[in-house]
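The listed protein sequences correspond, in order, to chains S and W.
First residue of the first sequence: 367, per the working numbering; consecutive thereafter.
First residue of the second sequence: 10, per the working numbering; consecutive thereafter.
No wet-lab data here; the hints were simulated from the structure.
Remember, it's a predicted structure, so these values are computed and weren't measured experimentally.
We put the CB at the ideal spot given by N, CA and C, even for glycine.
Incorrect hints may have been included.
Partial list, computed: chain S residues near chain W (C-beta under 8 angstroms) [as the list claims (entries may be wrong)]:
1) SER422
2) GLN425
3) SER426
4) ALA428
5) SER429
6) PHE524
7) VAL551
8) ILE553
9) ILE709
10) ASP712
11) GLU765
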Amino acid sequence: MLDSLGDKVLEGPGGVAPPEVSTVHAGIIPLLDCAPLVVAAEFGFAEKYNLRLEISREQSWASIRDKVTIGHLDCAHMLGPMVIASTLGIGHVRTPLIAPMALGLNGNAITVSNNLHDRLIAAGLNGGDVLSGARALKAVIDADRAAGRPPLTFGVVFPFSAHNYELRGWLAAAGINPDFDLRLVVIPPPLMVANLDQGLIDGFCVGAPWNAVAVEAGVGEIVATKSQIWHNGPEKVLGVRATWAAAHPHTLNALIRALVEAAQWIEQPENRLAVAETLAAPHYLGINAPILAQAMAGDLPGRTPDGIISDPDFITFFRDHATFPWRSHAAWFAEQMIRWRQIDQDTDVCALAEQVYRPDFYRNAVRPLGLSLPDADWKSEGTGTSRGRFFGDAVYDPECS
Amino acid sequence: MSDSKLSIVVIDEDPVRAAILMDGLAEAGHAEVALIDDVNNLLKKIFAIDPDVILIDLENPSRDSLEQMFQVSREVRRPTAVFVDETDRAMTDAAIDAGVSAYIVDGLKKERVNQIVDLTISRFNAFSRLQSELSAAKTALSERKIIERAKGILMQTRGMSEEEAYAALRKTAMNEKKRIVDIASSLVTADRIAS
Chain S
367 MLDSLGDKVL EGPGGVAPPE VSTVHAGIIP LLDCAPLVVA AEFGFAEKYN LRLEISREQS
427 WASIRDKVTI GHLDCAHMLG PMVIASTLGI GHVRTPLIAP MALGLNGNAI TVSNNLHDRL
487 IAAGLNGGDV LSGARALKAV IDADRAAGRP PLTFGVVFPF SAHNYELRGW LAAAGINPDF
547 DLRLVVIPPP LMVANLDQGL IDGFCVGAPW NAVAVEAGVG EIVATKSQIW HNGPEKVLGV
607 RATWAAAHPH TLNALIRALV EAAQWIEQPE NRLAVAETLA APHYLGINAP ILAQAMAGDL
667 PGRTPDGIIS DPDFITFFRD HATFPWRSHA AWFAEQMIRW RQIDQDTDVC ALAEQVYRPD
727 FYRNAVRPLG LSLPDADWKS EGTGTSRGRF FGDAVYDPEC S
Chain W
10 MSDSKLSIVV IDEDPVRAAI LMDGLAEAGH AEVALIDDVN NLLKKIFAID PDVILIDLEN
70 PSRDSLEQMF QVSREVRRPT AVFVDETDRA MTDAAIDAGV SAYIVDGLKK ERVNQIVDLT
130 ISRFNAFSRL QSELSAAKTA LSERKIIERA KGILMQTRGM SEEEAYAALR KTAMNEKKRI
190 VDIASSLVTA DRIAS
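In isolation and in its complexed conformation, chain W is listed as follows:
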């Protein structure tokens, strides 16, 4: 299922291992492969390349930054394979049992690189589908907007800070055993009638 038009980024500061990955990808017919071997200002570099797939070493110190980037913006989320450069059977089994799907915990051989890319994409797609179904069902976005509007009303009319406004909504919700969004929604409606 690999698409040779895929743009792939390999993030690795180890030149030998990076060469194995790049060779493996080239042999599998991937032409658009970029290497980032200096993780300074990593996010800017990734944005500039805008890859379809990211390959990164489990031990890379920039993984925390990468996870944050995907947390903040759904649009920049990319399939990411985290690889472990060691042949450790026990670790492989444990990873599979634990369902850590993005891991390729097997000796890093260039013949396997393409398989890594395929597996990563298919798992990412399955996960994304699940995520979008969830969010569609929950309409979390509109709920958030209602809460933001209610907070804004409290801040304007009562001179509360954002924190106090949120605390007031939360407290009322708790006391009345209702969801915060329901309290927020009544407040927004009441404000509309009053104005």
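Pulled out of the complex, with its shape left as it was, chain S reads as follows:
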């Protein structure tokens, strides 16, 4: 086990003060990136910091948000944009939430029905070009409209989600207007595959392992992964109420340390199987361990000669600062909320990002662990080493800081 602090827990100023409460209640949605919370609870990382982490599997993102809002849960596996929406009071009662750490990068994919996949291939989809699928989809949509057929329907997991904005951005990059050219509906992750199977939707964008589950079940094919669309793109975060964080600074520190160390441990290839077998339990994901272990390794089932799409960065738990809450990620989410008319176009994106994503809390908590930390809290996308890996060759500069 990678153990940055050894077994000794420092006490006193500058070190690790004991948590204010001994038990922390955390909610999860059955998705692979809830792993840091489950592993911290099951493999002793929480205990190392004198915490008992109680995990409960929740039925919907709305339920997660509501239970955190009313204090039934202390923290949760949350969608990054949901933290922003709750803070602004969009779609529900206004409750300031913060994201003091991220729970990983990438992990989504866009999957379509077998029938639509055949049509996309005929229209030019090729695995080497991430936007070829969207361009092929544009051709299919145009053909359907000319023939008077009803628009296609795609599923996303929540209105305020990386999945929604990522799918919209991918579609828009090929000239598809996601609000007019097709229908977008919200479906919780565990119900996505059944909806595709019954023909109620033609495709979806959802987190691991549900894309692999759809392909294994023979009901769909993956056309693009998040890491291909946006390499090291943001995903879930740890969401807590701002008031809870203020009242429990030491508990939050302990929690962040336990989760970061759990993430580091999850990413070691030799631990994959243990993580997969733990998450496979019905009270967590209820999915076969081999599918989970393969997704962690970046091996996805697909209609290729060897039946495997290999994407080594399919999901990232720790490396490349995967647990760091970049303020530029929050700014990008807020920009998408403006772009797709969910929030007021005059919203101060930079101030909002500073309010909700809290790298200051993260830095403070992990400093004693001796891990490498980014120099800045903001970064641009599609530049430098990530050129050509952000919605094709798009560029994002948050223009904050």
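Chain W: place on chain S using the hints.
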């Protein structure tokens, strides 16, 4: 204030709890009550019934879909009561303190069902009033149209994609410290003069 002509939908997959709700509503004089006990294709079913009020369990997996439906279309927005089937005093108090108005966090008794419906409708009406006042004041719709038109002009005259057009507007607004709608409006005016 309950109106017995109200059309009410109960979304619940638990037959025992659904029966309590349906009995409570019937005893309170509501005749038009429909039960959806299978959430497959939920939105289509709700559209078909077109209810005045929706009652749904907090734990129901379809709540995310329901919220999206209300996000997208104001016309289909309905008063929705989210109920919790447990008597948990602490949770009740927390919900009230947090202002989560739609919650009825008290043991689910059929005598209380009608009260739930009343409370839900009155809160929904108050919220809707606030919303419509806000939107009237802001004329968000016309602003959006101006931005759409400006984007269209850029896309046609400069061959930009929708994304590039929006980015150009945003960048200009930032540089000139103006609102995007103001930049868009000048562009639309300039285009009208030029053509």
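So, going through the hints one by one against the coordinates:
With 8 angstroms as the threshold, the beta carbon of SER422/S stays out of range of chain W, its nearest partner Cβ sitting at about 11 angstroms, so the hint is violated. A cut of 8 angstroms between beta carbons decides the hint on GLN425/S: the least distance to chain W is about 5 angstroms, and the hint holds. The interface hint given for SER426/S is met, as the beta carbon of that residue sits about 5 angstroms from the closest beta carbon of chain W, less than 8 angstroms. Checking ALA428/S against chain W: minimum C-beta separation of about 4 angstroms stays under 8 angstroms; hint holds.
Below 8 angstroms, beta-carbon pairs count as interface contacts, and SER429/S has one with chain W at about 6 angstroms; its hint therefore holds. For PHE524/S, the interface hint holds, the least distance from its beta-carbon to any beta-carbon of chain W being 5 angstroms, beneath 8 angstroms. Checking VAL551/S against chain W: minimum C-beta separation of about 7 angstroms stays under 8 angstroms; hint holds. The beta carbon of ILE553/S comes within 6 angstroms of a beta carbon in chain W, closer than 8 angstroms, and the hint placing it at the interface holds.
Because the smallest distance between the Cβ of ILE709/S and any Cβ of chain W comes to about 11 angstroms, over 8 angstroms, the interface hint for this residue is violated. Below 8 angstroms, beta-carbon pairs count as interface contacts, and ASP712/S has one with chain W at about 6 angstroms; its hint therefore holds. Because the closest C-beta pair between GLU765/S and chain W is about 7 angstroms apart, less than 8 angstroms, the hint holds.
Taken one by one, the earlier hints fail for this structure at numbers 1 and 9, listed in ascending order.
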